[in-house]
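> Work out the full structure, taking the sequences as your base and the hints as a guide.
Quick note, the sequences are listed as chains Y and A, same order.
Mapping of the first sequence onto the working numbering: position 184 corresponds to residue 184, and the numbering continues sequentially without gaps.
Mapping of the second sequence onto the working numbering: position 288 corresponds to residue 288, and the numbering continues sequentially without gaps.
If you are wondering where the hints come from, they were derived from the structure by calculation, not from laboratory data.
Be aware that a few hints might be false.
Not close to chain Y: a few residues of chain A, all C-beta gaps over 10 Å, as computed [claimed, not checked]:
| # | residue |
| --- | --- |
| 1 | Q227 |
| 2 | Y317 |
| 3 | E318 |
Straight-line distance between alpha carbons at most 16 Å, and here's what the computed EDC-like set of lysine to aspartate or glutamate pairs gives [unchecked claim]:
| # | chain 1 | residue 1 | chain 2 | residue 2 |
| --- | --- | --- | --- | --- |
| 4 | Y | K34 | A | D261 |
| 5 | Y | K142 | Y | E200 |
| 6 | A | K301 | A | E318 |
| 7 | Y | K295 | Y | D273 |
| 8 | A | K60 | Y | E235 |
| 9 | Y | K34 | A | E263 |
| 10 | Y | K268 | Y | D256 |
| 11 | Y | K192 | A | E296 |
| 12 | A | K106 | A | E190 |
| 13 | A | K223 | Y | E265 |
| 14 | A | K319 | A | D277 |
| 15 | Y | K287 | Y | D65 |
| 16 | A | K254 | A | E304 |
| 17 | A | K60 | Y | D230 |
| 18 | Y | K192 | Y | E31 |
| 19 | Y | K296 | Y | E272 |
Restraint ranges, calculated between C-beta atoms of paired labels, are given here [to be verified]:
| # | chain 1 | residue 1 | chain 2 | residue 2 | range |
| --- | --- | --- | --- | --- | --- |
| 20 | A | V177 | Y | E265 | 41 to 51 Å |
| 21 | A | Q227 | Y | T80 | 51 to 61 Å |
| 22 | Y | K142 | A | C234 | 58 to 68 Å |
| 23 | A | R83 | Y | T204 | 47 to 57 Å |
| 24 | Y | S10 | A | T118 | 26 to 36 Å |
| 25 | A | Y115 | Y | E265 | 34 to 44 Å |
| 26 | A | R83 | Y | Q243 | 28 to 38 Å |
| 27 | A | S110 | Y | V267 | 46 to 56 Å |
For glycine and all other residues, C-beta sits at the position ideal for the given N, C-alpha and C.
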Amino acid sequence: MEHVCFCPLSRFAICGGTHGNEMSGVYMVREMQKQKVDQMGSVSITSILSNPPAVDACRRYMGTDLNRCFTDALLSGATTDDTPYELRRARELNAQLGPKGSPEAVDLLCDIHNTTANMGLCLIFYSFDWIALHIYKYIQSKMTSAPVRAICLNEPSSEAYSLESIGKHGISIEVGPQPTGVVRADIFNMAKEAVDLSLEWLHTFNSGSTFEGGEVEAYTPVRSVDYPRDPTTGEITAAIHPQLQDNDFNILRPGDPVFQFFSGETVKHEGEDLYPLFVNECAYYEKKVAFQLTKKITVTLPSVGVKKD
Amino acid sequence: MMQPRQTRATPPQCSGREVAGDKMEVDEVVRLPRLSRVAVCGGTHGNELSGVYLVRELLKGRKQVMEEEERPPSVLTVLANPRAVQQCRRYIDTDLNRCFTHAALKGPSSGPVPYETTRSRELNAALGPKGSPGAVELVCDLHNTTANMGLCLIAYSDCDWICLHIFRHLQRKMPDVPMRYIHFDVSNKESYSLDSVGKHGFAMEIGPQPHGVVRSDVYAAMKAGVQHMLDWVCFFNSGSTFEGEYVDVFTMIKHIDYPRDGETRNITAAIHPQLQDRDFCLLHPEDPLFQTFSGETLRYKGSEALYPFFINECAYYEKGIALSLARKRRVMVPAIRVQTEREEEEEEEEE
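Right, dumping it as structure tokens:
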């Protein structure tokens, strides 16, 4: 079996409040800063509140969604008086934790998010990052409080738009369901456990352990589905059907109900068998996404270990 | 100021306990004036979406039945805070549902006025004026909460027989929906919410639902609740007698705030996992209340076991409320029937 070596992963950044109303990350970062957590064994830790004005206002963002500002094109643009706050902030974060794609970037960046969808704990990352996938495998083997899943996005690095793409390795830790503006202890504890296990993995990796390869399941996006809308006003005219609501990751087959109009009729799923997620995510109404459809894949991981001098 | 009109046998400012005593005969039927106009209001908080979409559906439906004869009650459907709805926010400048005290409604007219203050005065003119004979007979204001409260009717009175009978009707018609009646013991003068504008009124609060999200199951419960309420009003107006019975009423006693950092005022703990989602399950002294972000348990230090509700309501963080606590008591609700026209005239002559 293939074995892949990586340099020690000694710089870890944890970000919260990238969306100012997703509270697990906000309180986790605040607690870490209060306890002055900056080291765990071989790993140095930076904790950052990504979007402080949005956190203060308890809003997702002030001008534009911060977590869509990290493409190479957007990061390299010129900052003028007209630049929206979040684009400026993205460039600051890139300077502090990156620059993206350079040797100075942090080794692992974990960005904590919440969703109103019933997704349990999800680790989201770009392409087949062996480090991220091994951390996922490790967390999945250790966590019993919630189902743990991985979502692999398809973008090449230059098009990767979210904060965690700044790090050499990056994971978005998405935990739900939790309403925006609310902190639930159970959800907070899940997010905290995932972060603690990630740190544990890094430390174990750095001290020379080999992590055995194997097969893991993950989900990759196929397409998203919008709500039925009124053609004049653009308002939604249906809600997620009760049989789909809260059933993220349960296979959706043709003929299964997906929407229920406010007047009562049902809309059914058409096309192939797919796995829905982000079902009824609050922030996606404006992005015209009622749910995303994914396919399940099996990824074969090589064993990994730290490069020895 | 107008008191809810009732027959002489029942004193106007009563408490349920007095009625259960010997001031009233068990088989006496209280006669109450007909309910000619009902206002159904949604979007008082612009991100509580069940009411927003229900009001929009009702408005669509009404366009289709406009040619039909309007039989009482006439139903006014109102989107209370259109600007907040458009931005999917709770409010623009200030919480609309705190703008209906008599003082706020009259208030000084000079200087910059928050949007919601202007709006509350418009609503008061349209549905009130509060406390006057011109006010609509019944206001039903639709709300959602992030707390696991099922369906709650929230009212300022524990002896408004109209509201209490509507509650019992909903309970019978919707047995699968957990349902409670919450009473805020606030005088008419100090009552601050939209439902206080009508001669009778209540908020219909359904959760859990995240703000900015519409769930089918919650929407369906609200739609059914409003329909059953309107049906009940029709039955009442057409002369049905509603038998007396006991109703469990939760009376708000106090609120508890989150523990906060002395300097920043940021909260330092979340609702404990053993309390989260357990609205209306009795909270005993020493039961876990909060879990700090470092993992420590903080316990309820009150001396009396009380019923918690609005546990972890999103909008209440800024109001300093982690949960509210209530006492439960049994109220004897008398039988009621609509006044006949002659009884109405006789009463008017007396006043």
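> Confirm or reject each hint.
Taking the hints in turn, this is what the structure says about them:
1. Annotated as non-interface, Q227 of chain A keeps its C-beta farther than 10 Å from every C-beta of chain Y; the closest such distance is 13 Å.
2. Listed as outside the interface, Y317 of chain A is inconsistent with that label: its C-beta sits roughly 7 Å from the nearest C-beta of chain Y, within the 10 Å cut-off.
3. Against the 10 Å criterion, E318 of chain A falls within the reach of chain Y, whose nearest CB is about 8 Å from its own CB.
4. A distance of roughly 11 Å separates the Cα atoms of K34 of chain Y and D261 of chain A; the hinted pair therefore holds under the 16 Å criterion.
5. With a C-alpha separation of about 11 Å, the suggested pair K142 of chain Y and E200 of chain Y falls inside the 16 Å cut-off, and the hint holds.
6. At most 16 Å may separate the alpha-carbon atoms for a hinted pair to count; K301 of chain A and E318 of chain A exceed this at roughly 23 Å.
7. Note on K295 of chain Y and D273 of chain Y: the hinted pairing holds, with a Cα-Cα distance of about 8 Å set against a maximum of 16 Å.
8. The hinted pair formed by K60 of chain A and E235 of chain Y meets the criterion: a straight-line CA distance of about 13 Å does not exceed 16 Å.
9. Distance check on the hinted pair: K34 of chain Y and E263 of chain A sit about 12 Å apart at the alpha-carbon level, within 16 Å; holds.
10. At roughly 5 Å between alpha-carbon atoms, K268 of chain Y and D256 of chain Y fall within 16 Å of each other, so this suggested pair holds.
11. Restraint check: the Cα-Cα separation between K192 of chain Y and E296 of chain A comes to about 14 Å, which is no more than 16 Å; the hinted pair holds.
12. About 13 Å separates the Cα atoms of K106 of chain A and E190 of chain A, which keeps this hinted pair within 16 Å; it holds.
13. Of the pairs offered as hints, the one joining K223 of chain A and E265 of chain Y holds, with about 15 Å between alpha carbons and a cut-off of 16 Å not exceeded.
14. Our distance criterion of 16 Å between C-alpha atoms is broken by K319 of chain A and D277 of chain A, whose separation comes to about 20 Å.
15. For the hint linking K287 of chain Y to D65 of chain Y, the alpha-carbon distance of about 11 Å falls within 16 Å, and the restraint holds.
16. Straight-line distance between C-alpha atoms of K254 of chain A and E304 of chain A comes to about 12 Å, which keeps the hinted pair within the 16 Å bound.
17. The hinted pair formed by K60 of chain A and D230 of chain Y meets the criterion: a straight-line CA distance of about 12 Å does not exceed 16 Å.
18. Restraint check for K192 of chain Y and E31 of chain Y: satisfied, since their Cα atoms lie roughly 11 Å apart, inside the 16 Å limit.
19. Restraint check for K296 of chain Y and E272 of chain Y: the C-alpha separation of about 12 Å stays at or below 16 Å, so the hint holds.
20. Between V177 of chain A and E265 of chain Y the Cβ separation comes to about 23 Å, which falls outside the hinted range of 41 to 51 Å.
21. The supplied range of 51 to 61 Å is met by Q227 of chain A and T80 of chain Y, whose beta-carbon atoms lie about 55 Å from each other.
22. Our hint of 58 to 68 Å for K142 of chain Y and C234 of chain A holds, since their Cβ atoms are close to 60 Å apart.
23. For R83 of chain A and T204 of chain Y, the Cβ-Cβ distance of about 54 Å falls inside the hinted range of 47 to 57 Å, so the restraint holds.
24. Range check, S10 of chain Y to T118 of chain A: about 58 Å between beta-carbon atoms, so the 26 to 36 Å window is missed.
25. Y115 of chain A and E265 of chain Y have their C-beta atoms about 37 Å apart, which keeps the hinted 34 to 44 Å range intact.
26. Range check, R83 of chain A to Q243 of chain Y: Cβ separation about 35 Å, and the 28 to 38 Å hint holds.
27. A beta carbon spacing of about 53 Å between S110 of chain A and V267 of chain Y agrees with the range 46 to 56 Å that was offered as a hint.
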